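Engineer: Here is how the chains run, residue by residue.
Protein chains: 10
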Amino acid sequence: MPDHAHYLDTFENPQPGHDYTVRLQIQEFTCLCPLTGQPDFARFLVEYVPDRLCVELKSLKLYMSSFRDEGLFHEAITNQILSDFAALLKPRFLRVTADFNIRGGICTQVAVEHRKEGWQCAGPVVLPGET
Amino acid sequence: MPDHAHYLDTFENPQPGHDYTVRLQIQEFTCLCPLTGQPDFARFLVEYVPDRLCVELKSLKLYMSSFRDEGLFHEAITNQILSDFAALLKPRFLRVTADFNIRGGICTQVAVEHRKEGWQCAGPVVLPGET
Amino acid sequence: MPDHAHYLDTFENPQPGHDYTVRLQIQEFTCLCPLTGQPDFARFLVEYVPDRLCVELKSLKLYMSSFRDEGLFHEAITNQILSDFAALLKPRFLRVTADFNIRGGICTQVAVEHRKEGWQCAGPVVLPGET
Amino acid sequence: MPDHAHYLDTFENPQPGHDYTVRLQIQEFTCLCPLTGQPDFARFLVEYVPDRLCVELKSLKLYMSSFRDEGLFHEAITNQILSDFAALLKPRFLRVTADFNIRGGICTQVAVEHRKEGWQCAGPVVLPGET
Amino acid sequence: MPDHAHYLDTFENPQPGHDYTVRLQIQEFTCLCPLTGQPDFARFLVEYVPDRLCVELKSLKLYMSSFRDEGLFHEAITNQILSDFAALLKPRFLRVTADFNIRGGICTQVAVEHRKEGWQCAGPVVLPGET
Amino acid sequence: MPDHAHYLDTFENPQPGHDYTVRLQIQEFTCLCPLTGQPDFARFLVEYVPDRLCVELKSLKLYMSSFRDEGLFHEAITNQILSDFAALLKPRFLRVTADFNIRGGICTQVAVEHRKEGWQCAGPVVLPGET
Amino acid sequence: MPDHAHYLDTFENPQPGHDYTVRLQIQEFTCLCPLTGQPDFARFLVEYVPDRLCVELKSLKLYMSSFRDEGLFHEAITNQILSDFAALLKPRFLRVTADFNIRGGICTQVAVEHRKEGWQCAGPVVLPGET
Amino acid sequence: MPDHAHYLDTFENPQPGHDYTVRLQIQEFTCLCPLTGQPDFARFLVEYVPDRLCVELKSLKLYMSSFRDEGLFHEAITNQILSDFAALLKPRFLRVTADFNIRGGICTQVAVEHRKEGWQCAGPVVLPGET
Amino acid sequence: MPDHAHYLDTFENPQPGHDYTVRLQIQEFTCLCPLTGQPDFARFLVEYVPDRLCVELKSLKLYMSSFRDEGLFHEAITNQILSDFAALLKPRFLRVTADFNIRGGICTQVAVEHRKEGWQCAGPVVLPGET
Amino acid sequence: MPDHAHYLDTFENPQPGHDYTVRLQIQEFTCLCPLTGQPDFARFLVEYVPDRLCVELKSLKLYMSSFRDEGLFHEAITNQILSDFAALLKPRFLRVTADFNIRGGICTQVAVEHRKEGWQCAGPVVLPGET
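If you read the sequences in order, they're chains S, A, Z, C, Y, X, L, D, W and P. Position 21 of the first sequence, counted from 1, bears residue number 21 in our numbering, the numbering being contiguous throughout. Position 81 of the second sequence, counted from 1, bears residue number 81 in our numbering, the numbering being contiguous throughout. Position 60 of the third sequence, counted from 1, bears residue number 60 in our numbering, the numbering being contiguous throughout. Position 42 of the fourth sequence, counted from 1, bears residue number 42 in our numbering, the numbering being contiguous throughout. Position 4 of the fifth sequence, counted from 1, bears residue number 4 in our numbering, the numbering being contiguous throughout. Position 21 of the sixth sequence, counted from 1, bears residue number 21 in our numbering, the numbering being contiguous throughout. Position 131 of the seventh sequence, counted from 1, bears residue number 131 in our numbering, the numbering being contiguous throughout. Position 95 of the eighth sequence, counted from 1, bears residue number 95 in our numbering, the numbering being contiguous throughout. Position 21 of the ninth sequence, counted from 1, bears residue number 21 in our numbering, the numbering being contiguous throughout. Position 77 of the tenth sequence, counted from 1, bears residue number 77 in our numbering, the numbering being contiguous throughout.
Bear in mind the hints are in silico, worked out from the structure with no lab data behind them. Please read all numbers here as calculations on a predicted model, not as lab measurements. Treat the hints with care, since some could be wrong.
To be verified - Subject to a maximum C-alpha distance of 16 Å in a straight line, what follows is the list of computed EDC-like cross-link-like pairs (lysine to aspartate or glutamate):
1) L:Lys116 / W:Asp19
2) C:Lys116 / Y:Asp19
3) P:Lys58 / W:Glu75
4) Z:Lys58 / A:Asp19
5) P:Lys90 / P:Asp9
6) Z:Lys116 / C:Glu70
7) L:Lys90 / L:Glu28
8) C:Lys58 / Z:Glu75
9) L:Lys90 / L:Glu56
10) S:Lys116 / A:Glu75
11) A:Lys116 / Z:Glu75
12) X:Lys116 / L:Asp19
13) P:Lys90 / P:Asp51
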């Protein structure tokens, strides 16, 4: 698979001294079905507690667009996006949720998390957007 | 009762190394009322944390459609679908929620879970779609 | 007060071996105000984890309709319905929530629970419809 | 400040033997801004687990209306309503939430609770209307 | 960066004796993008448990408006507003959530909290507006 | 059929000099199914351009409640309510719309109008609530 | 194609003397795709101004259910339902609107009308539910 | 009845040369029930095509607030507000719509219009906000 | 520009004898911005009154997907789709509405129609989905 | 007042041969109150039937942003934007609708139109977004 991660840029976390949460709702995503080659459409939610680095928005848009001609299963693509962010940002907490458009009367969502070893969420209120 | 489970196909979980959640919203389901023979309509939600296997979407659609001419009580059909998935996928976690259309001014929902022996959810965030 | 509980019928729980939840949303309920004799309208939600018995839907409809000419306070009627279900079904868990129509600019809801002695909910996910 | 609490009437809790919750959504409330004298508008939510007494609805309406010509800050009025209810009902649990209309592009909500000394909520399900 | 905090005024908490929550939904906020100079738009939610001081609403409006011509990153501005409130009010609990308008198909939210050393939330019900 | 119309009271139209519209949304209505005797539930909308008389609200509530024990087809009851209003108010325009609760997966609405001979609606804007 | 129309029963219009409208929202409909044999799902709206006859609701449910095993194109089935109703009821006005579930990212609606020769709608208000 | 109209101020229409529409949604209105003295609550919509004068917003707020202690029937108050605006603004077109809060399960809306003699709406598009 | 129209297939209109309407809501569409090469996303609504031919759904999906790599202005692409349908189907009436995703805080919609020379819509009810 | 119109750019209408509609929803607009200097916020809808020219989107964004520091009444600013578009595009039809945020409990909308002399809308369907 091509290297998509090189599209992503970062900047220094302006407040590394305490935990806070960034939520990025990506409304526009399209890739191809690996079996039929037909387009798939989805929305992604990337939530993270930054450590040293934050992701830059314009580069995030380019990164997400770079899957446009790729044929990938829903479960695989969601896990890959998690891996790319985890490798790049080394965040304290990271969750990627994909919400694929209905096919054959069925909607598919995939959600996957990563936590920095030993990191503990200070309380339930750190992640306000749970629902 | 006929064997519906043979409609279901699986594929290898691309990330068995860590827990993640797949949610499948099945918008179209119909079976028959076991008492009157009249059609019943419902929506199903299948949520699971895969272990070695994931369920293939097209086969899921055929599986759900195979109940079209079956006469079954709400509680029984929801438990059977749980059993079929549990036997096939042996997932770490599985929940099936049925939402039957209103009859006589009453809507019925049935929710049932299965957990692999000894499996512990790493945290509340693994299952983002609770509500 | 008349005996309403005799309207309720039950059937054998098809899966007594594990906990699961049944939610019954009763959209149509009317009784009388005990003070003015004027009609009151409400919606009820009955949620339970069955033990040996489940409630039969048609009988539930007749049971709820049998309050049509009864004059009862909101708090009393909700507690009575809980008692009738608890006595009949002896469920592992039971919750009755009433949602009465607005009167004088005020909406009233009453929620009451019953748990079988010693029963412990296996986890938060057993009751998916909390909100 | 005038005594508003005398508007409130109570009746005997028909089920003091176990905990249950009453939620009262008061859709219509108006008072005056203590600084400008201009009308303020709000909605209130009163939730409580009754002990010996329940509040009577018609008297609640009169009580809420009695603030119509009073000039009070949002934080003060919400706390006073809590105090009046706590003194009168001596409930096991009480929460008052005010939701004031937008002023200068800002909406203000105030939420305050009272618990009877030593009372413990039997479980999360006692208060179904959290969200 | 200019000193925005001087816009904020406070008044004495009328009920310092117990914890309660104030939620301020600021529907109108605009600043500039630090890279392009183009306008950004957002909504802010400020939630706090007051200690000795509450924030005055009119001054809050002026404070939020004072960022109108400032060029700031989403993460930096949310953290600065938290800092200004924490320094001024010294609240028992404080959370600031920013919800920026969509850019390039992506919505960004930032949420950050502050707790007074040693303060413990009495229970989950103190913060009713979580969702 | 019993005489329901005697429940209705009127008062003098305060502005008979020009056309205007009154819309009454009756959220609570129940009668019986003429075939099964089971309860039916509906919402009614009564819209009229008064001539000499307006209908009094409390009497309207009593009138609508008086059908509680009557067994009537949807089409018949809607036409009867139109007739009762037309005979009593002799309005310039009158429309009654009934919206019955779902039965067997089917919702039924019935709408019927009456116009005073020779009356012409001055323009489309006289009846603002068309949709 | 089999004769579905024999499922439909009628009753005498209780008010043939003036025009009024009946709207029947059929929430549950399923047939088969004529090409793939896979299930299709839809909602139908039948609106008519009765002349001498009205359609009986229980028979309407059976009629709609009788297409369950039929393979038909969207355009054909909607036109056939119109024909069956027109032949049976000979209504003054009739409109059938079908709303088929999404397939391949596309939702299909079909709407078709029939008017009795020479009939004129008295005004726009006869059909209140246009939108 | 007291003179409320003196609260209203006007300013010169900046574009008297062509027709355009101003819509004012007044979210907060309270008066008293003329029979019981209890508070009533409503929302008003004032729409007009100005001729020489426009209404000033702050004065409109004071005008609407001036009914706070007045006891008036729904039909009468809506017609009076129309009269006050018509006398003051002499607009080309004016419509006042009142939407009173539910009482006894019934919501009441009143809508009334005024047109300048001989004025003709250039087309349906002049009033875009009909619904 | 490449020839997209060859993707479209037709079938015989099963009811050419009278007018009826087909509405196709295409939820998934993406092309490229002709200036930046960045992806654009939109929804399309195609409404038509068929004459001799109807469009086949699967071919419609392929046709819409064929713009995936094309760089086109919003106004141009909407007009081209109208032209392709008009040339192929020669419908009695055709309308294409595009709804492009927000860019720079602005959403763009384009709507364009075609009528067969001399065709007259029988009445407003032929096109039920106007809003 | 400064010249804002110079921000607007145009391009050639790709289909001047027939009427079609462009709708531009501008979600982000802020200016100043001419009396208090405080920020106002609004949404604008610009709808037009192009003649020779269309408006370019990026320039539209800059044009709308150029009012950021201007103090203008709602009625005046809406009419000015109409004038600027009419002068530049000379469209066959143009409508500008402004929707200002609530102030003192009142929302204000202003709608104004321009038609090219002698132009006639071919039918109601040319403007699909009426509601």
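Engineer: Each of the hints needs a verdict: does it hold here or not?
Structural biologist: Hint check:
1. L:Lys116 / W:Asp19: Since the Cα atoms of Lys116 of chain L and Asp19 of chain W sit roughly 15 Å apart, the hinted pair holds (cutoff 16 Å).
2. C:Lys116 / Y:Asp19: 15 Å, holds
3. P:Lys58 / W:Glu75: 15 Å, holds
4. Z:Lys58 / A:Asp19: Violated, at about 42 Å.
5. P:Lys90 / P:Asp9: 13 Å, holds
6. Z:Lys116 / C:Glu70: With a Cα-Cα distance of about 49 Å, the restraint between Lys116 of chain Z and Glu70 of chain C is violated, given a limit of 16 Å.
7. L:Lys90 / L:Glu28: 25 Å, violated
8. C:Lys58 / Z:Glu75: 15 Å, holds
9. L:Lys90 / L:Glu56: 15 Å, holds
10. S:Lys116 / A:Glu75: 42 Å, violated
11. A:Lys116 / Z:Glu75: 42 Å, violated
12. X:Lys116 / L:Asp19: This hinted pair holds, its Cα atoms lying about 15 Å apart.
13. P:Lys90 / P:Asp51: 7 Å, holds
The structure is inconsistent with the numbered hints 4, 6, 7, 10, 11, although it conforms to all the rest.
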